[in-house]
Structure formats: C-alpha cells, structure tokens
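K.L.:
So the sequences go chain by chain: A and B.
Remember, the numbering used here sits 4 above the position in the first sequence when you count from 1.
Remember, the numbering used here sits 1 above the position in the second sequence when you count from 1.
If you are wondering where the hints come from, they were derived from the structure by calculation, not from laboratory data.
Hints are supplied without guarantee of correctness; some may be wrong.
Below, a sample of chain A positions facing chain B; criterion: calculated Cβ distance under 8 Å [unchecked claim]: (1) P15; (2) I30; (3) R316; (4) L355; (5) L358; (6) A360; (7) G373.
Heads up, the beta-carbon is just placed ideally off N, CA and C, and yes, glycines get one too.
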Amino acid sequence: MSVIRGYVDLPSRNRELGLIALALVITTAGFAAVQIARAQEFSSAPLIAALLFAFAYLVAHAVVRAALPDADPYVLPITAVLTALGLIEIYRISPQLARDQGIWMLLGLALFVGVVIAFREIRRLEELKYTCGAVAVGLLLLTIVLGTSVNGARLWIRVGGLQIQPGEFAKILLVVFLAGYLRERREVLAAPTRRVLGVGIPALRHTLPLLLLCGISLVLLVAMNDLGTSLLFFAIALAMIYVATGRLLYVGAGLGVFAIGALGAVQLTSHVQSRIDGWLNPWAVEQTSGYQIAQSIYTIADGGVLGAGFGRGLILNSAGGTIIPFAQTDFIFSVIANELGLVGAIALVLLYLLLAWRGFRIATAADDGFSKLLAAGLATAVAFQVFVIVGGVIRLLPLTGLTLPFVSYGGSSVTANFAIAGLLLCVSQRANRVRPL
Amino acid sequence: MVDQALLVLRIGVLVLLYVFVWRIARTAMRDVRGAQESMIIRPGQGFDAMPPVDRAPTPEPEPEPELPGRLLVVASDVLPVGAAIVLEASETLIGRDPHAAAMLEGDGFVSARHAIVRVRGTSTSVVDLGSTNGTFVNGERIAMETRLTPGDEVSVGSTHMLFEPGGRA
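Based on the provided sequences and hints, a complete structural model is requested.
P.N.:
Encoded structure:
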C-alpha cells in the first residue's frame, strides 16, 4: 500500500517556501540599497537582479518539492540568504564581477537540481566511491601538471577562457570516497584485532588505501602551495574517521601528525613562515606580507557596530580597485563586516552555524552508515572552511586562502557548494521520508 | 532623502537577517526535542550490506521496553475520553483507514492515513503522512518527524491525546 501525497500540501516544503520568500525580501532590499548608494537614484536594475534570483530559487524549490518532499526545509533558504549577501557585496565592489557571480549562481542551482534528481536515492552514490576517490586524486594531479600559479598558489586550471579551481570539487569527491570506504571498513578500524603496547592497531591492509589517499591529497596540496585546502582535507578526513569509529586515538594520532607537519612546513617553506609573521604581528610587515591582513583589520574596525551601510563603506580605492587585495574572494567577510557592521557579521556567522547544525542534524537522523558519514563529512567541510577563512581575516588564525562558502566570488566555489547543499537534501530525504507501513 | 532610504534599508536588512535566523532556530528546535542521538556510528549500525537501491532498509532490532507507551484520549468527537491507544508495534497508524490501529472513523477532519507514531527503542516520535488538516504536537502543526516527550499533546482532527511513555513495570 503506498502513501499518496500531494504536491501542494507538504508542511516541510511550505516552510521552505516561506523562508525563501523572506530571503527574497532581504535580497531585494540589499540590491536596492547598493543601487541607490551607487547612482543616487532609484533604478530598475536591482529589481531585475532580484527577480532573476527569485526565479532561480523558485525553480530549485519546485524541483525539491517534486523530488524530495520530506527533505530538510532549512538548507535551501540558508543558501539563498548567503548567496544574496555575497552577490550584493560583490555588486557593490563591481557590477561586472556581480554579473559573473550571478551566472555562477545560476549554474550552481542547475548543478543542485542535477544532484537532487540524480542522487535522489543517495545510496546510488555509494557505488561510485572508488570512482570518486580516483577522480579526486586525478583532479589534483591535473592541477599540478596543467595548473597556473596565482599569488604563489598553484590551484587553477585554465580551460578556454575559464579558470577552474579543481580543489573545490575534489573536496566533495573525497568526502564521498571516505564515506563509502569507512562505512565498509569501519568495523575493522573500530575494533582492531592486534594490539601494540595495549593500543589496538588495525591491520595495514585496511588502513593503507585510506592513508595512501589522504597522503597523496596532502602531498599534492603542499606541492600546490595551497595550505588552506590541505588543512581542510585533513580536518575532513579526521572528523569522518572519528564519526566512523568513535575512537579518539585516531584523532590524537592525526593531530600529532599535523603538529609535526606544521612545524616542518614552518621550517622548510618561506610561504608558511610569512603567513605566521603576518598573523602574529601584521603591523611590522604592514607594507609587505602583512598588507592584506592589516587592511582587513582596518576595514572591519571601520564598520563599527552597525556598519557603514550598503554602498557607503570604504571598500574601493581611488583607482576603483579594492583596498584589500582580493576583497571579493578571501576577504568578502571583511567587506560585509564593514558595510553591515558587527551586527551583520554576527548574523552571517549565525547563518553558517545554522547550516552546519542542519548538516550534523541530518547526519544524526540518517539511518545508514554511508548517509551519516556523507552528511557529517559535508557539514564538517563547510563549517571548518568558514572557521578557517573567517578566523584568518579577523586574525584569530594564520591566514590561509579559502573561499567563504556561497558568499565569495568564484565559479568553482559557488557551484561546488550548491552540489553540497543538494547532497545534504538527498540524505535528509532518505532519513525523513514517510515509509509505507 | 538618499541617506534616509539607505539607513532604513540597512536597518531593515539587519532586522530581517535576525528574523530569518530566529525563525529557523525556533522552528527547527521544535522539530526534534529530547536527547539527541549521537552522530557517531554505534557498533552494529552502519555496516549492513548495501541493499539494492530501491529496497527500503530493514529497521534495526532494538530492545523493546517491557510496557509499551500509550496515547490517552483527553478530548474527542469520535473516541471515548479515557481510551488508550497502545503503541505496541514499531509503527502505529492513526487515521480513518479501517486497518489503522487508532481508527478515528467519522471525523471529517482526519485523513484516511493521517499520521504514524513510531517507536524506536525508548524513543517515540510522530510523523504526519501528508494529511490535509495536519497533525499537531502541543498545538503546533508539525512539518517533520517530531519526537514526543512525556505529557506531550498529540492532536489529530477533533481528537486530542496525551503521550504516556512506556517503561518497566
């Protein structure tokens, strides 16, 4: 006997639609404010942008309504508000960049819809785990061979006129691989048979592929000089191994390896050393390696509690460029903190907190190991990335270049994050679905 | 004029951002209450052989409490007050369907298959099956599977029931 359910009367989806409507009001108001500040007059341009944004999100919502009626109703609206805040501030920096970002958002939502339809039954993804692992390593290798260097980090491939950052996609593929692999082997990893000095050590043949893949990823990333992403990959792998086994030993061992690696990196490369110097005392190197971080601190401080207001912050220099180099990517948080103040910056952090909480909530509600690991890994990826980059720009941590998910300018980052949102919704559909008796 | 408009828009956006955060925090908290399950995979969980894609997973066997929980009718147009719906199966159907364990025949505001109450170990939850008029817990229409805590009022149509958990005698 099957449960017949309507398309219209779905409480979760109606809640999602209500929240998306609220997100659209925020979007329209923000665009209008920037446009008014820019042109000193009212114009229809922001309205058109907001309408396009609304149309794209309503299509995504309609697809979720049809394909995933019981999925989590909060993830999609949160991405809407985050994307809108990013678009508004990028529009404020440069309408040209905002147009590109708008196209990335549409592509991102198209990928989201594709993921939702293709992996509606999320376990289909588990069969692809080795493919995903291989493609992840392949993407990173390709970046080393074909990559172009931007600011000392070799993390871009040029295809036609486009620059692609494969690390963003490799991250998701790595989580899928780890989820599938750890679900299969968690038993032998959690309850090892051999003991050395009273500590259970799992057999090498179970851990080798895992160590190999993580090791290769890290070596590749260090070779690319992309410390942010290698730190992120490391954190994701540790968190997922912990979720799979519940053994703190692995976390301790991982942190030990990380400490040794970090010390080695400081000794061996000038790149890391200069980041540490810029973190400890940016004012001493304000005109050189500490320039970005020092400007970021000035920009955040300038915003005060309630912010300078949309379009009124001191973001651009007299030449029309941004005062903070790369403000639209790594330092978008500082720009938002400037224009919306401490209050706005806290709201942004709260939005990420809600997103991470929904992700972990989806993981706890999931009823099979693969889904649990996948959701936990993806939520960790987003949460840790936000922690590292926001910590970097406010000088809580040494600065490592990562994008702020959904907010930063960048096609790879935006589309990859929409794929993550799609996967989380697919997992939550499986856990929340109403099963016929 | 421009300055005033910008001030209003800035404060408006900030307020709406917090309204958005607050709405999610409030409603999402209500969806799941009581003790959280751990995210860490329990022994015996999660290393089941992968079932064929279209098959529903077999529910995990959990130790049942010795006395099942109950829903006590406190007000109803179709059931006597004081009647108890015993939650002895892992899933108890509420609705007008003749096969429903909690049969609410004659209540026009109840769908044939309205809601199910699920018992997993010591945790009991209620989930709406896409009913027309909704299922309420303590007066709030539920959007997702909602965990019940002792004394919660579950309402379906005109019938209001209090949840009484099971336990050892």
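K.L.:
Using the nearest Cβ pair, does L355(A) come within less than 8 Å of chain B?
P.N.:
Holds - the Cβ of L355(A) comes within 8 Å of chain B, reaching about 6 Å at its closest.
K.L.:
Regarding the hint that L358(A) lies at the interface with chain B, is the smallest CB-CB distance below 8 Å?
P.N.:
The hint holds - L358(A) has a Cβ within 8 Å of chain B, the shortest such distance being about 5 Å.
K.L.:
With a cut-off of 8 Å, does the beta carbon of I30(A) approach a beta carbon of chain B closely enough for the hint to hold?
P.N.:
5 Å, holds
K.L.:
Was the hint right that P15(A) lines chain B, CB cutoff 8 Å?
P.N.:
4 Å, holds
K.L.:
Is the interface hint for A360(A) satisfied, with its Cβ closer than 8 Å to some Cβ of chain B?
P.N.:
12 Å, violated
K.L.:
Are G373(A) and chain B close enough, Cβ to Cβ, to be under 8 Å, as the hint says?
P.N.:
Holds, because the Cβ-Cβ distance from G373(A) to chain B comes to roughly 2 Å (cut-off 8 Å).
K.L.:
Would you settle whether the hint for R316(A) is holds or violated, based on the nearest Cβ-Cβ distance to chain B being less than 8 Å?
P.N.:
Status holds, d = 7 Å.
Hint violations for this structure: number 6 only, all remaining hints satisfied.
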